[in-house]
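Colleague: Below, each chain spelled out in residue letters.
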Amino acid sequence: MKILVVSLLRLGDFIQALPVVGGLHRKFPQAKIDVLVHSPVAALRPMIPAVSRWFTLDRDELQSGLGRADIPLLTSFDVLREQCEALSTEKYDLIVNVTQTEFSAWIMGYIAAKTKIGLCFNVRGQASFNSPWFRYLNDHTETSVSDVLNYSDIFSYACDVSEEPRQWPMTVTSQGAGEVAALKLPAGEVIAVQALTSDAKKNWGAARWSQWLSGMTVLRPQAHFVLLGSSAEKTSLEELVNGISEPQRISLGILSLEGALVLLNRATLLVTGDTSIKHMANAASCAVMELSLGSSDYRRTGIYKENSLILQGKAACAPCPHSSPCSQASHICAEKIPVGAAISAADLFLKSDWNGLGQIARSFNLDVLRTRVMSTGFWFAGEIVPADAVKIVDKWIERSAWKFLLSGAAPNPLPKFGSEVYQLGDEITLLIPTEGIRPLLAHLDFLEEQLSRREVEATAARRRFDPSTPAGELVDLSGLRAVQNRLEDERRQIEVKSKLVRSLKTKLVEKT
Amino acid sequence: MIDVVIAKSGDKVIRWHGRLLASRVDPVGEAREWFLRRLPFTSKVKSIFVLGAGAGFHIVELCKRTSAQILVIEPESEIVEAIRPLVAEFGGRVTWLSAGSARELRAISEVRTAVTTSFVVLEHPASVHLDRGFYRECSAQLLGRDWGSLSWQWKLKGFADLDSQPRITANDETLTIYDLDQCELVQDSAERERMLLKALRELVK
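Line by line, the protein sequences are chains Y and A. Counted the way my numbering counts, the first sequence spans residues 203 to 714. Counted the way my numbering counts, the second sequence spans residues 93 to 297.
One or more of the hints may lead you astray.
[Claimed, not checked] Partial list, derived from the structure: chain A residues whose beta carbon lies under 10 Å from chain Y:
1. ASP95
2. VAL97
3. LYS100
4. GLU125
5. PHE127
6. LEU128
7. VAL137
8. LYS156
9. ARG157
10. GLU181
11. SER210
12. VAL213
13. LEU242
14. ARG284
15. VAL296
16. LYS297
[Unchecked claim] Covered stretches of chain A, going by a simulated chain Y footprint (3 or more residues, C-beta under 8 Å):
17. 158-165
18. 185-192
If you are wondering where the hints come from, they were derived from the structure by calculation, not from laboratory data. All C-beta atoms in this analysis are idealised placements derived from N, C-alpha and C, irrespective of residue type, glycine included.
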């Protein structure tokens with residue numbers, strides 16, 4: 203069996219999709235798994251032995267071929283065509299596209315394969331997904347959606363490799379070990395810091411990082427700090443260290459990706475923005491504290507590792523859209539994470555003092571979230587001090603309903619459905635004390651009623667677009683398939699959700 | 093007409109009508125720099141057209157650093173003969189083209205074969221300086237950024253004739269991927285290729 207995984211965005215996006223590579227490798231141990239990535243991503247090659255071959259597209263080169271008058275107009279076209287033809291001759295049994303872009307969708311359409319999963323265009327530009335999970339992803343791209351599943355979960359469910367816990371199949375290399383050895387780090391606590399990101403909106407700011415480092419050197423007198431970065435970032439990182447009273451306790455870690463992975467295994471803690479290093483930490487032993495800023499949407503791309511910490515300021519504009527500059531007069535989302543809060547949070551996190559972190563959330567009016575992989579199989583970042591536990595339960599029910607709907611499993615007599623309700627019930631009793639269960643049951647009554655009403659409405663709406671509706675009833679002849687599908691999905695999701703709520707109520711009544 | 097000068101590095105550099113065709117200090121180093129300034133696609137394309145044989149050092153550099161077929165356009169046969177020994181070890185990979193005019197290139201079978209696959213066009217400044225008009229025309233034929241040369245190349249690749257496409261109107265303007273995409277939209281015989289044009293257009297949106 204031959205499989206190709208297509209990931210044509212940035213390094214971090216590919217690393218986030220790595221559980222798919224790992225999952226497919228475990229599911230089909232005899233299969234050859236190749237990847238098609240942008241050229242810089244291939245730097246990961248020595249660390250991912252599960253991948254047989256790395257095919258690369260050089261986006262910058264293709265762009266330059268289109269834009270430069272001294273390069274033949276057809277060169278980019280020819281190079282792309284030859285690369286795609288070469289991939290077609292590989293005769294893949296399965297291609298998975300984990301890139302939700304039109305560029306990748308056209309490429310998917312061109313490469314021949316037996317089965318294709320993920321966004322794919324045909325010659326007329328009609329999209330197909332071959333998996334409801336990728337359709338879900340496509341329908342939930344807006345930052346304004348109320349809740350959305352983590353991308354690593356979506357990719358894993360879409361490829362049907364969700365049974366095992368997600369794993370990042372990355373291994374350390376001797377080259378990486380050599381780079382870290384050259385840093386001559388002292389024994390004891392090491393805190394790695396990835397202060398810079400690829401997007402200015404996601405940066406916390408040099409002054410804040412300097413103050414944070416100063417504070418941390420005082421609060422953690424035994425710790426040594428490593429500022430991670432690329433050679434292009436060296437000058438900026440050196441400036442962060444200026445003015446710090448104990449600069450000998452801070453090293454610059456100008457490392458390759460291989461070196462970075464070794465460091466993450468050596469470090470006790472990684473403090474980072476939304477970076478590829480953050481995703482790489484899923485494959486390492488360090489704890490992770492993430493500062494979620496700008497267009498970073500932790501719900502989709504937050505640190506996956508269990509018991510990680512995410513700090514996000516309460517800014518109404520966050521997360522903002524990608525590829526547009528900050529719309530505010532000042533960088534509000536960065537300002538809303540005060541340096542003092544980030545210092546205390548890191549210290550308390552290292553002490554596993556979750557109650558103390560709750561205090562930080564309250565004192566600084568900050569979203570402080572703890573990541574979990576729930577027994578229902580989903581990643582979830584929940585507030586340490588839940589402002590509204592009922593809202594969280596709503597989200598969990600919503601996610602479970604999506605899982606059943608998108609996995610194509612009917613809610614009817616199904617052992618899986620029973621165990622989902624059982625697991626949800628257990629999660630709820632961990633979240634809400636016994637005295638809170640009665641008010642929750644009242645809320646579930648209300649929800650059930652609301653869902654019944656919506657189910658009637660959704661069924662009626664669906665019938666209006668259904669060409670098979672009996673004569674005499676109103677039929678919208680423009681009944682577009684897309685509208686039909688959306689309405690049907692909505693109706694089915696409500697149906698599943700209603701059933702979940704009813705079963706959950708029974709389960710919770712038993713508990714009380 | 094032609095004579096040879098020994099550069100400081102010890103290499104032999106050709107002089108044509110009194111003009112040196114490479115550095116008289118370090119022609120090999122110069123060729124290396126020349127190559128590095130022209131990196132895009134050189135490691136991926138099947139063929140590289142070189143406008144001007146120069147003193148041959150840049151051709152050697154291309155042979156060493158790429159796996160492409162090298163097609164050198166050089167109208168002066170004396171220059172070609174003088175530098176042949178320099179590139180002898182890469183003999184099979186280098187084709188010498190001596191068209192009398194740029195339009196004659198279209199009839200040369202090696203050119204036609206190369207144009208059906210991926211290629212780039214690199215200029216050797218000292219050679220181009222000897223006959224700017226000729227090389228400018230060669231360049232236009234190969235760059236495919238005007239209507240005539242684009243149609244010629246497109247047809248050679250085996251796709252449907254673009255001549256019947258009314259939507260390309262840019263007579264004197266340099267054509268872009270948008271023009272090609274639009275013109276491809278109205279014909280169906282190469283539909284699969286349309287997907288790649290659409291993909292490329294996404295990159296310049």
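Colleague: Hint by hint, say whether it matches the structure.
Modeller: Here is what the structure says about each hint:
1. Nearest Cβ of chain Y to the Cβ of ASP95 (chain A): about 32 Å, over the 10 Å cut. The hint is violated.
2. Contact between VAL97 (chain A) and chain Y, as hinted, is not supported at the beta carbon level, the nearest pair being about 30 Å apart and thus beyond 10 Å.
3. Because the closest C-beta pair between LYS100 (chain A) and chain Y is about 31 Å apart, greater than 10 Å, the hint is violated.
4. At a threshold of 10 Å, the smallest CB-CB gap from GLU125 (chain A) to chain Y is about 17 Å, leaving the interface hint violated.
5. For PHE127 (chain A), the interface hint is violated, since its Cβ never comes within 10 Å of a Cβ in chain Y; the closest pair sits about 15 Å apart.
6. Among the interface hints, the one on LEU128 (chain A) is violated; its C-beta lies about 15 Å from the nearest C-beta in chain Y, farther than the 10 Å criterion.
7. A distance limit of 10 Å between C-beta atoms decides the matter here; for VAL137 (chain A) the minimum to chain Y is near 7 Å, and the interface restraint holds.
8. About 21 Å separates the beta-carbon of LYS156 (chain A) from the nearest beta-carbon of chain Y, more than 10 Å, and the hint is not met.
9. Given the 10 Å rule on beta carbons, the hint for ARG157 (chain A) is violated: about 16 Å separates it from the nearest Cβ of chain Y.
10. The restraint placing GLU181 (chain A) at the interface with chain Y is violated, with a minimum CB-CB distance near 27 Å, outside the 10 Å limit.
11. Interface hint status for SER210 (chain A): upheld, as the beta-carbon distance to the closest one in chain Y is roughly 4 Å, under 10 Å.
12. Proximity of VAL213 (chain A) to chain Y holds as hinted, the smallest CB-CB distance being about 6 Å (cut-off 10 Å).
13. For LEU242 (chain A), the interface hint holds, since its Cβ comes within 10 Å of a Cβ in chain Y; the closest pair sits about 6 Å apart.
14. Interface hint status for ARG284 (chain A): upheld, as the beta-carbon distance to the closest one in chain Y is roughly 6 Å, under 10 Å.
15. Contact between VAL296 (chain A) and chain Y, as hinted, is supported at the beta carbon level, the nearest pair being about 5 Å apart and thus within 10 Å.
16. Because the closest C-beta pair between LYS297 (chain A) and chain Y is about 9 Å apart, less than 10 Å, the hint holds.
17. With 0 residues having a beta carbon nearer than 8 Å to a beta carbon of chain Y, the region 158-165 of chain A misses the requirement of three or more and the stated coverage is violated.
18. Counting residues of the region 185-192 of chain A whose CB lies closer than 8 Å to any CB of chain Y gives 0, which falls below the minimum of 3, so the coverage claim is violated.
When the structure is compared with the earlier hints, violations turn up for hints 1, 2, 3, 4, 5, 6, 8, 9, 10, 17, 18 and for no others.
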